[in-house]
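Engineer: Chain by chain, the residues:
Number of protein chains: 2
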Amino acid sequence: MKNKGSRTERELLHMFWKEKWSVIRSAGSGVIPIPNPDLVAGNGKRLLAIECKSGKGRRYVKDKQVKELKEFSKKLGAEPLIAVRFDNEEWFFLTLNKLVKTKGNNLILDIKHAKKHGITFNELIGKYKQRKLK
Amino acid sequence: MKNKGSRTERELLHMFWKEKWSVIRSAGSGVIPIPNPDLVAGNGKRLLAIECKSGKGRRYVKDKQVKELKEFSKKLGAEPLIAVRFDNEEWFFLTLNKLVKTKGNNLILDIKHAKKHGITFNELIGKYKQRKLK
Chain Y
132 MKNKGSRTER
142 ELLHMFWKEK
152 WSVIRSAGSG
162 VIPIPNPDLV
172 AGNGKRLLAI
182 ECKSGKGRRY
192 VKDKQVKELK
202 EFSKKLGAEP
212 LIAVRFDNEE
222 WFFLTLNKLV
232 KTKGNNLILD
242 IKHAKKHGIT
252 FNELIGKYKQ
262 RKLK
Chain E
132 MKNKGSRTER
142 ELLHMFWKEK
152 WSVIRSAGSG
162 VIPIPNPDLV
172 AGNGKRLLAI
182 ECKSGKGRRY
192 VKDKQVKELK
202 EFSKKLGAEP
212 LIAVRFDNEE
222 WFFLTLNKLV
232 KTKGNNLILD
242 IKHAKKHGIT
252 FNELIGKYKQ
262 RKLK
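Just so you know, the sequences run in chain order Y and E. In terms of my numbering, the first sequence is residues 132 to 265. In terms of my numbering, the second sequence is residues 132 to 265.
The hints are simulated quantities; they were obtained by calculation from the structure and are not laboratory data. Among these hints, one or two may not hold up.
[What the hints assert, rightly or not] Rough simulated footprint, nothing fancy, chain Y against chain E, three-plus residues with beta-carbon under 8 Å: (1) 193-207; (2) 239-250.
[Stated by the list, open to error] Here are the simulated DSSO-like cross-link-like pairs (lysine-lysine), alpha carbons at most 30 Å apart as the crow flies: (3) E/LYS195 with Y/LYS193; (4) E/LYS206 with E/LYS195; (5) Y/LYS206 with E/LYS151.
[Claimed, not checked] DEER-style ranges, computed between Cβ atoms: (6) E/GLU150 with Y/GLY257: 33 to 39 Å; (7) Y/ASN219 with E/GLU254: 39 to 45 Å; (8) Y/ASN134 with E/GLY186: 46 to 52 Å; (9) Y/LYS258 with E/GLU210: 25 to 31 Å; (10) E/GLU202 with Y/GLU210: 20 to 26 Å; (11) Y/ARG138 with E/LYS201: 27 to 33 Å; (12) E/GLY188 with Y/ASN134: 50 to 56 Å; (13) Y/PRO164 with E/THR233: 35 to 41 Å; (14) Y/ASN219 with E/ASN253: 39 to 45 Å; (15) E/LYS247 with Y/ARG189: 32 to 38 Å; (16) E/ASN253 with Y/ARG177: 29 to 35 Å; (17) Y/LYS198 with E/GLU254: 27 to 33 Å; (18) E/GLU202 with Y/GLU220: 31 to 37 Å.
Yeah, the Cβ is synthetic: ideal placement off N, Cα and C, and Gly gets one too.
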């Protein structure tokens, strides 16, 4: 699971890089865990702090993780986002207010919800809009 | 050398974290190398993109690395900085215009130059000034 997470994070890293964004991927927790997101990406106009989730079925985001992402992003001046990539699907990006809380106060992500409330990578980086404007 | 570099990078990561900055350390180049700095750190007022150098004697920064740091920082809206930690010395932080070019167009760092043109961690994060103002 950890390796798969790293693989999809690297995939997203390269997608931003290909679009000429500046992007950095976190080295992970290290000896003493320091809360930071998986990716930080910027293009001179927008700065994003992104927590990645990937896998087959439903994904969960811990309430604590959301709070840490908010705090991290605030100090960086970045927009906090959750990026989710279900198997055989493309990436979807959700703002934190689009997440649904479970009874246990954690947040839940499924493909239906992601497709309804999230935006695609091309929409995120503005490619789709540009194409429409032409 | 690689491990030592990682160790000093982690040291600096924790120094920022202890001062309540948001900080992320790069996972490194991965399969396809993507230019990004060792650390990105922000406190809500300042955003820094930091390339770390550490070791015993003189350190060199490649001209290409400086250009990449500049470009990365511009898109992130961050200040590009070189952080250098010589053995048994504290960290010194230098802006790119304070680096001296060698004949080979690379940039050179030694402890004398770092002490003269760099600032310490406490000066960087504003601790020293705050102490003086009290």
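Engineer: Checking each numbered hint in turn, tell me which of them this model violates, lowest number first.
Structural biologist: Numbers 2, 3, 7, 8, 12, 14, 15 - these are the hints that the structure violates, sorted from lowest upward.
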